[in-house]
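Required output: the full structure, derived from the provided sequences and hints.
In case you want the letters, here they are:
Protein chains: 2
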Amino acid sequence: MKAINILENKHLEWSESDLPLISDDDVLIKISATSVNRADVVQKNGLYPPPPGASSILGLECSGIIEKIGKNVKNRKVGEKVCALLAGGGYAEYVSCPEVQAIPIPEGVSLIEASSLPEVYATCWLNLFQEANLLKGEKVLLHAGASGIGTAAIQLCKAFKCKSFVTAGTSKKIKFCCELGASDGAIRTEDPFKKIKEWSPEGVDVILDPVGGNYFEDNINVLSMEGRLVIIGLMGGVKSSINLGSILMKRQKIIGSTIRARDVSVKGKIMSDLHQHVWPFFKSKIIKPIVHETLNIKDANKAHEIMEKDQNIGKIILEIN
Amino acid sequence: MKAINILENKHLEWSESDLPLISDDDVLIKISATSVNRADVVQKNGLYPPPPGASSILGLECSGIIEKIGKNVKNRKVGEKVCALLAGGGYAEYVSCPEVQAIPIPEGVSLIEASSLPEVYATCWLNLFQEANLLKGEKVLLHAGASGIGTAAIQLCKAFKCKSFVTAGTSKKIKFCCELGASDGAIRTEDPFKKIKEWSPEGVDVILDPVGGNYFEDNINVLSMEGRLVIIGLMGGVKSSINLGSILMKRQKIIGSTIRARDVSVKGKIMSDLHQHVWPFFKSKIIKPIVHETLNIKDANKAHEIMEKDQNIGKIILEIN
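Protein sequence lines, in the order shown, are assigned to chains B and F.
Numbering (the numbering used here) for the first sequence: 237 to 557.
Numbering (the numbering used here) for the second sequence: 237 to 557.
Watch out, some of these pointers could steer you wrong.
Note that identical chains are pooled: a pair holds if it fits in a single copy or bridges any two copies.
DMTMM-like mimics (lysine to aspartate or glutamate), calculated; alpha carbons at most 20 Å apart, straight line [claimed, not checked]: (1) K521 - E415; (2) K431 - E529; (3) K545 - D499; (4) K313 - E303; (5) K519 - E329; (6) K238 - E544; (7) K486 - E367; (8) K475 - D454; (9) K505 - E462; (10) K486 - D499; (11) K304 - E329; (12) K310 - D420.
Bear in mind the hints are in silico, worked out from the structure with no lab data behind them.
Listed below in structure tokens is the structure:
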């Protein structure tokens with residue numbers, strides 16, 4: 237099969253690669269599309285090695301058609317249109333993964349668009365609802381609101397009756413987020429935490445944060461009583477000071493969370509939850525895929541460049557024919 | 237009635253005070269004994285004001301006999317021997333509290349001894365099992381292992397099939413903790429974290445920490461994958477540095493937790509859990525009260541001095557006649 241191979245100069249080349257093996261619990265998917273995540277860019281640059289046992293090929297999600305199933309597979313069948321959460325291997329013609337990580341595509345979403353859903357919705361579901369135990373009516377702060385995760389989180393907050401505030405790099409992005417369902421937003425270079433305090437003087441209940449170090453003390457400062465800060469990335473560095481007085485007296489929680497290296501059983505539970513609780517919102521058009529651009533897999537370099545320059549609003553899809 | 241009043245020079249005086257009011261959901265308890273907590277010493281020194289609505293009299297727990305019940309009280313009755321978790325008011329002849337915070341004393345424990353149980357067992361239950369979701373077979377680090385909370389936590393860990401490691405101030409205290417059920421321990425002035433790493437090279441799953449700032453980075457450093465650090469006090473200061481890289485990649489949680497200012501419903505659930513899941517261990521002698529000394533309430537100053545000098549192993553009881 238063909239797949240993206242990373243050359244020494246970090247160029248992404250569409251060239252021959254080995255067909256993945258499938259185990260008894262796996263499905264083999266003929267990929268229709270994959271979608272770009274910031275983790276792909278970090279992995280390409282050698283800073284995010286795949287977890288043990290995972291494919292070394294980039295790509296944390298895909299959509300496609302099941303070509304073959306392992307002998308223990310119970311709930312998926314050959315010919316089914318699915319989208320899948322992957323530990324790697326999505327930038328390719330074929331990928332294998334445990335059956336529990338592949339679920340039917342939502343009604344009302346095209347097979348190509350469906351490739352943009354697994355990673356961001358799994359991340360948001362895990363972190364907002366499982367880790368942070370987000371409750372109806374709570375207030376949520378979303379950094380990088382126009383990202384794939386941000387645009388998914390805004391819609392999930394709206395669907396589950398929570399108000400969200402976003403930070404983003406430009407006024408255009410803020411405007412987009414507010415149209416999508418965010419209550420308000422602030423440009424990240426314009427003292428965003430001051431505006432957050434004005435938006436919710438009593439603090440925000442949950443923060444979904446891909447920034448880390450740079451924002452840490454400000455995040456704690458705007459976190460409410462019993463607030464939860466979920467750190468999902470460290471784009472703003474790893475180091476900070478911490479005042480434990482606030483953590484203790486406000487009974488706050490700081491939660492570090494990644495999804496890629498988790499057990500198959502954890503990923504399976506998340507995908508099953510998405511299928512049951514979130515996919516119906518696509519059918520009713522309450523939630524929709526937010527796609528910045530759809531490119532061909534041979535243009536993977538261009539796709540990464542768009543993400544590296546923070547130009548995208550929502551997801552960048554790579555179609556594979 | 238008589239109660240402890242704090243004089244200007246911080247002297248504790250047993251003198252006249254108003255009888256507490258009782259609301260429709262409250263019970264009025266004629267107190268047999270109360271028990272000293274470090275929070276009492278901090279409150280006496282003006283650094284831990286009681287939460288809104290709570291008695292200004294010291295004392296976070298008591299045992300005694302129900303003298304009167306409010307008209308909505310369903311599960312407690314006059315004449316019943318109970319022990320109670322209090323938001324304040326235990327250093328007195330009478331105290332009132334919501335009925336859900338008072339539960340029958342465990343079988344096999346005297347009425348006086350029972351005064352030493354509510355605060356430490358409620359704190360340990362809340363933090364080990366509810367906040368940290370401690371699972372059978374996990375490893376627990378307990379700082380201040382010879383304290384009231386430490387000696388309760390050691391026994392709970394043993395009863396629920398978890399291994400514990402303690403830190404404490406003297407070799408005598410470490411020895412006591414190990415006899416009580418801790419797997420091992422280290423003196424806090426003798427590089428304890430090195431010994432903790434040797435005890436569990438893969439890290440500890442849960443840390444119950446009353447220290448805070450001084451220990452924070454070392455705590456994170458010995459915390460396992462998916463480990464939970466529960467901060468319940470700040471005896472070692474509030475400030476620290478934090479490396480978010482470990483928090484994220486190891487999916488760790490930092491949890492700030494206090495019990496005193498929580499909702500009555502939360503306290504009621506904890507006390508009900510203790511009654512159901514922990515009190516049977518007292519009957520079977522798997523868990524026992526650890527009492528350093530029993531003094532008369534008129535010797536409250538002496539009791540505080542013992543705690544201030546870290547001389548106690550387990551609880552100091554103040555009997556009220």
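Checked hints:
no., hint, verdict
1, K521 - E415, "within (15 Å within a copy, 63 Å between copies)"
2, K431 - E529, "neither (31 Å within a copy, 55 Å between copies)"
3, K545 - D499, "neither (33 Å within a copy, 48 Å between copies)"
4, K313 - E303, "within (9 Å within a copy, 69 Å between copies)"
5, K519 - E329, "neither (28 Å within a copy, 65 Å between copies)"
6, K238 - E544, "neither (25 Å within a copy, 71 Å between copies)"
7, K486 - E367, "both (18 Å within a copy, 14 Å between copies)"
8, K475 - D454, "both (13 Å within a copy, 15 Å between copies)"
9, K505 - E462, "between (26 Å within a copy, 18 Å between copies)"
10, K486 - D499, "between (32 Å within a copy, 13 Å between copies)"
11, K304 - E329, "within (14 Å within a copy, 76 Å between copies)"
12, K310 - D420, "neither (45 Å within a copy, 47 Å between copies)"
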